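**Q** So you can see what is in the structure, the chains are spelled out below.
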Amino acid sequence: MIQEHRLHYIIRNGFLDLFYVWKDELKRVFKDEGVLIFFFLVPFAYPLLYSFIYNQETTREAKMVVVDQSETRLSREFIRRMNGTADVQVVQVVRSMEEGKRMVDEKEAYGLLLIPSEFSKDLHGGKQATVSLYCDMSALLFYKAFLATATDVSLEMGAEWTARNHPQPTGQMQAIAVEPIPSEHITLFNSQNGFASFLVPAILILVIQQTLLLGISMAGGTAREKNRFHSLVPMVCHFHGTLRVVLGKSFAYLLLYLVVCLWVFAIVPQIFSFPQVGSPLAVLLFLLPFLLASIFLAMTLSGFMTQRETPMLVIVFTSVLLLFISGISWPKEAIPSFWKAVGYLFPSTPGIQGYVRINTCGATLNEVAPEYRLLWVQTGFYFITTCMIYRKQLIRNKQRLTACCRALRLHRAAKQA
Amino acid sequence: MKDGNVIKTIGCLAWREMKRLTAIPIYFFAMVGAPVFSLVFFLSLMYHGLPTDLPVAVVDLDNTATSRMLIRQLDAFEQTKVVCVSPSFSEARQEMQKGKVYGILYIPDGFSVKATTGKQPKVSYYTNGAYLIAGSLMFRDLKTISVLANASVGLQTGTAKGITEEQLMGQLQPIEVETHAIGNPWLNYSVYLNNTILPGILQLVIFLVTVFSIGSELKNGTSRVWLSEAGGSLTVGLLGKLLPQTIIFTLVGFLFAAGMYGYNAFPLNSGWGPMLWAIFLLVVASQAVGVFMIGTLPTLRLGLSFASLFGMISFSIVGFSFPVQAMHPTLQALTNLFPLRHYFLIYVDQALNGRDIFFTWGEYLWLAAFLVLPFLIGKNLKDALLYFKYIP
Numbered sequence: 001m002i003q004e005h006r007l008h009y010i011i012r013n014g015f016l017d018l019f020y021v022w023k024d025e026l027k028r029v030f031k032d033e034g035v036l037i038f039f040f041l042v043p044f045a046y047p048l049l050y051s052f053i054y055n056q057e058t059t060r061e062a063k064m065v066v067v068d069q070s071e072t073r074l075s076r077e078f079i080r081r082m083n084g085t086a087d088v089q090v091v092q093v094v095r096s097m098e099e100g101k102r103m104v105d106e107k108e109a110y111g112l113l114l115i116p117s118e119f120s121k122d123l124h125g126g127k128q129a130t131v132s133l134y135c136d137m138s139a140l141l142f143y144k145a146f147l148a149t150a151t152d153v154s155l156e157m158g159a160e161w162t163a164r165n166h167p168q169p170t171g172q173m174q175a176i177a178v179e180p181i182p183s184e185h186i187t188l189f190n191s192q193n194g195f196a197s198f199l200v201p202a203i204l205i206l207v208i209q210q211t212l213l214l215g216i217s218m219a220g221g222t223a224r225e226k227n228r229f230h231s232l233v234p235m236v237c238h239f240h241g242t243l244r245v246v247l248g249k250s251f252a253y254l255l256l257y258l259v260v261c262l263w264v265f266a267i268v269p270q271i272f273s274f275p276q277v278g279s280p281l282a283v284l285l286f287l288l289p290f291l292l293a294s295i296f297l298a299m300t301l302s303g304f305m306t307q308r309e310t311p312m313l314v315i316v317f318t319s320v321l322l323l324f325i326s327g328i329s330w331p332k333e334a335i336p337s338f339w340k341a342v343g344y345l346f347p348s349t350p351g352i353q354g355y356v357r358i359n360t361c362g363a364t365l366n367e368v369a370p371e372y373r374l375l376w377v378q379t380g381f382y383f384i385t386t387c388m389i390y391r392k393q394l395i396r397n398k399q400r401l402t403a404c405c406r407a408l409r410l411h412r413a414a415k416q417a
Numbered sequence: 418m419k420d421g422n423v424i425k426t427i428g429c430l431a432w433r434e435m436k437r438l439t440a441i442p443i444y445f446f447a448m449v450g451a452p453v454f455s456l457v458f459f460l461s462l463m464y465h466g467l468p469t470d471l472p473v474a475v476v477d478l479d480n481t482a483t484s485r486m487l488i489r490q491l492d493a494f495e496q497t498k499v500v501c502v503s504p505s506f507s508e509a510r511q512e513m514q515k516g517k518v519y520g521i522l523y524i525p526d527g528f529s530v531k532a533t534t535g536k537q538p539k540v541s542y543y544t545n546g547a548y549l550i551a552g553s554l555m556f557r558d559l560k561t562i563s564v565l566a567n568a569s570v571g572l573q574t575g576t577a578k579g580i581t582e583e584q585l586m587g588q589l590q591p592i593e594v595e596t597h598a599i600g601n602p603w604l605n606y607s608v609y610l611n612n613t614i615l616p617g618i619l620q621l622v623i624f625l626v627t628v629f630s631i632g633s634e635l636k637n638g639t640s641r642v643w644l645s646e647a648g649g650s651l652t653v654g655l656l657g658k659l660l661p662q663t664i665i666f667t668l669v670g671f672l673f674a675a676g677m678y679g680y681n682a683f684p685l686n687s688g689w690g691p692m693l694w695a696i697f698l699l700v701v702a703s704q705a706v707g708v709f710m711i712g713t714l715p716t717l718r719l720g721l722s723f724a725s726l727f728g729m730i731s732f733s734i735v736g737f738s739f740p741v742q743a744m745h746p747t748l749q750a751l752t753n754l755f756p757l758r759h760y761f762l763i764y765v766d767q768a769l770n771g772r773d774i775f776f777t778w779g780e781y782l783w784l785a786a787f788l789v790l791p792f793l794i795g796k797n798l799k800d801a802l803l804y805f806k807y808i809p
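Chains as they are written, first to last, in our numbering: chain A, 1 to 417; chain B, 418 to 809.
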C-alpha cells in the first residue's frame, strides 16, 4: 500500500497542514496594517470612545424656565422644590409666556413650566390645580427628567396640602385621605437607569462582530487581489483540503479574538464600572459560539469580496441596522416578524440579547437557552457555507492549474515542432 | 482658462465620473441601495411609532377581586400586556432574566383589606433598566396604575362620606401636571429616531463614497490622468468629479424627506424649504469632510477607515439619544466637527419646533463653512495625486 493512502498518514498530515495554515494566517494578519486596524485598533479604541461619550450616564440639571403667573407663596414654593432636585435646574422665573417661549427658542432652557394665575386660588378653594409642562422634544432624556420631577414635586406638595387642610380625626383616616396606597418604583439590574450601562454592552457585542466581518472580508479581498487566479486560497501544497484550510484559518481568528474579548468584556467594563453581575464562566461559554458564528459568517462573506476595500462600503452601515434589529433599544415585541426573521441571520441578534441578560441581569445559560441554541445553529450553518465556499475555490484552483499545465505543454510542443 | 472652458471641463469630468460610477456595482449599492434599504428598514420597523403590548408580570399575593381588577386595568393599557400572573416574586424575576417581561407589579399580601382600613399597603413596581426604552415605557403605565389604585380606594371611602368626585380629586391629587410635548405630542419614537438616524446614514455613505471614489483613482494609478483632464487644477477636478455624486446624494436625501415628511407625515412645522436646504447643505458639507479625510490620509484603506470611524461616531455624538449638554466639555466642543450635529440642530428648530429662521441661520452657516475644508488640505491631496506611490 502506498504510504499516502494510509489513514494515520492522512490524519497526521491533515493536522500538520492545519497548523501550517493557522500559523500562516496569523502571520498574514500581523503583516496587514489594514486588517490590524480592524482586529486591534477599533476593538481597542471604540469601547473607550463610547464609554467616554456616555460616561455621565444620566442627565443632571436639565435647564428649565418657569412662567409664574400666580406669584404666590405656593407657586414660589413649587419652584423652589423643582430647583432643589438633582435632575432639574430652574434657570429663570419669568412673568409672561412670550418671554419663556423666547428662552426656549434660544435654547437657554429645554422645558417650560407654566404656573397659571389661578394656581393658588384653586388650591385654597379645594379644587384640583393644574401646572402645565412644555418640553422641547429634541432630547427624550430631558423630557423624562422634567416630567418625573414635576410629578414628584406635585405629589409631594399635594400630599402635604391635603394633610394640612383636611385634618382627620385619626392618623389612620389621615393616611387614607392623603395616600391610601403608597407605591415605590425600583429599577432592577441597571439601577441608575444609566445610558452607558444600557447601550455600551450591546455596542461591545456589535463591535466584535462587525470588526470580524470587516477584518476577515478585507483579508479575503486582499487574497483575491494578490493570489494567482484571484483565488481566495493560495496555491501551496499545505492548502489542499477544505477542512484544514477552514479550521486553520478560523482557529487563528479565534485565538486573536479571545485576547480582544478579554479587553472588551473584562477590562473595559471594569474601567468604567458598568454593571457586571453575570458569572465570568457563563459569559465565556456564551461568547464562544458567538465568536465562532461571527467568524464563519465573516469567512462566508469574504468569499464574495473581490477587492480589499469594498467590504467597508458594504458592511459599515449595517451596524446601525443590526443594533435596532437586536431588540435592545427598540423592544423585540414591536419588531415586525419579517425583520425579526432577518435578525436571526446575524450572530449579533442573539449575541446582544444573551450577553446583556447574562452580564447586566445576571441570567445563567439556562435563562438564555434559546439564544444560546440559536448561536450554535448559526455556527453550524455558517461553518457549512464556509466549507462550501472554500471547496469551490480549491476545485477552481485545481482546474485552472491543470488548464494552465495543458496550455503550457501545448505551447512547448508547438515550439518544438 | 476662460470661464466657458472651465464649465466645459467640469462637464467632461462629470461625464467621466458618471462612467466610473456605472462601471462597478459597488457605487450603486453604496449610493442608492444602502440608503434606500435603510429608509425602508427604519420606517417599517417603527411603523407604529410606539411599541404596544409590552409584556409585564404581576405577582399577586392578595388574590382578591380588588387586586384582580387592578391587573385587568393594567392589561387594558395599550402599551402593556400582562403575560404572567405568578404567586412568587423569584419566578417573575426569572421571567425578566429570560427577557420575557420588562416589568413586574407586586401586590402584597392582604392588600385590599389593608387599603380600606388605612394600613397603607405598599404596591411596588419593578422595571428592567437593561432595556431602557421598554423599561421607561412600562414605568409610565405602572405609575399610572398605582395612582389609579389610590384613587379607587379613595373613591370608595370618599363617596361613602358623601364627597363629590371633584372635591375628592382636589384632595387626593391637589396639583396635577399637564404635559405638552412640543412638536411630537404622541412621543412617537419613529419621529424621534428617524429624523436623525436616516440623515446619519446618508452622511456615512457620503463619507465612504467620496473617499472611495478619490482613493481608487490613487490606487488604480488614474489620478494623474484625472488631474491633467482638469487642466492641472484640483478645484476644477474635484468639482467635476463630485458634481454627479452631489446630485445623486441630494436626490436620495430628498427621497428621505419625502418618506418621512410626506409619506409618514412626520411633523414639518417649518414647511419644506428649510429642511430641503438643510439636506442639500448636509450633502455638500459631508462631501467636503470626505475630501478632507482622503487628503489627510491619502491611502484608500486608511481613508476609508477614517470615514467609517467618523461616520459611526456621529450617531452617538450628535446628541439625539444622549444630550450633548450631558457630555464631557471636550466632547461638547468636538460635536461641532460633525455635519450631522448641525443638521440635527436645524431639524429641531425647523421641522420639529417651527422656530423662526433667525434662531437657526448660524447652523446653516456652519454647514456651509465645511466647504473650506478641501482648501485646507488641497496641497497635500494634490501632491498625493501627482507623486504618491500607492502602497497597497
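Worth double-checking, as some hints may not be accurate.
Label pairs and their computed distance ranges (CB to CB) [to be verified]: (1) Thr713/B to Leu401/A: 41 to 49 Å; (2) Lys498/B to Lys226/A: 51 to 59 Å; (3) Gly679/B to Leu284/A: 32 to 40 Å; (4) Ser650/B to Lys226/A: 34 to 42 Å; (5) Ser650/B to Arg28/A: 40 to 48 Å; (6) Asp526/B to Ser191/A: 21 to 29 Å.
Pairs of lysine to any residue, SDA-like flavour, derived with a Cα cap of 25 Å [claimed, not checked]: (7) Lys107/A to Leu693/B; (8) Lys107/A to Gly779/B; (9) Lys560/B to Asn366/A; (10) Lys498/B to Pro370/A; (11) Lys515/B to Val90/A; (12) Lys515/B to Ser191/A; (13) Lys63/A to Pro661/B; (14) Lys107/A to Val423/B; (15) Lys144/A to Val594/B; (16) Lys515/B to Ala163/A; (17) Lys539/B to Asp152/A; (18) Lys332/A to Pro472/B; (19) Lys498/B to Ala369/A; (20) Lys517/B to Ser191/A; (21) Lys332/A to Ala493/B; (22) Lys515/B to Arg12/A; (23) Lys107/A to Ala493/B; (24) Lys539/B to Asn193/A; (25) Lys515/B to Asn366/A; (26) Lys144/A to Asn797/B; (27) Lys332/A to Val453/B; (28) Lys531/B to Pro504/B; (29) Lys531/B to Ala369/A; (30) Lys332/A to Asp558/B.
Chain A regions said to be covered by chain B (calculated; three or more residues, Cβ under 8 Å) [as the list claims (entries may be wrong)]: (31) 155 to 166; (32) 295 to 301; (33) 400 to 413.
Quick caveat, the hints were computed from the structure, so don't treat them as lab data.
Keep in mind that this is a model prediction, so the values were computed, not measured.
Beta carbons: idealized from backbone N, C-alpha and C, even for Gly.
**Q** For each hint given before, does the structure comply? Return the numbers of the non-compliant ones in rising order.
**A** Numbers 3, 9, 11, 13, 14, 16, 22, 23, 26, 29, 32, 33, in rising order.
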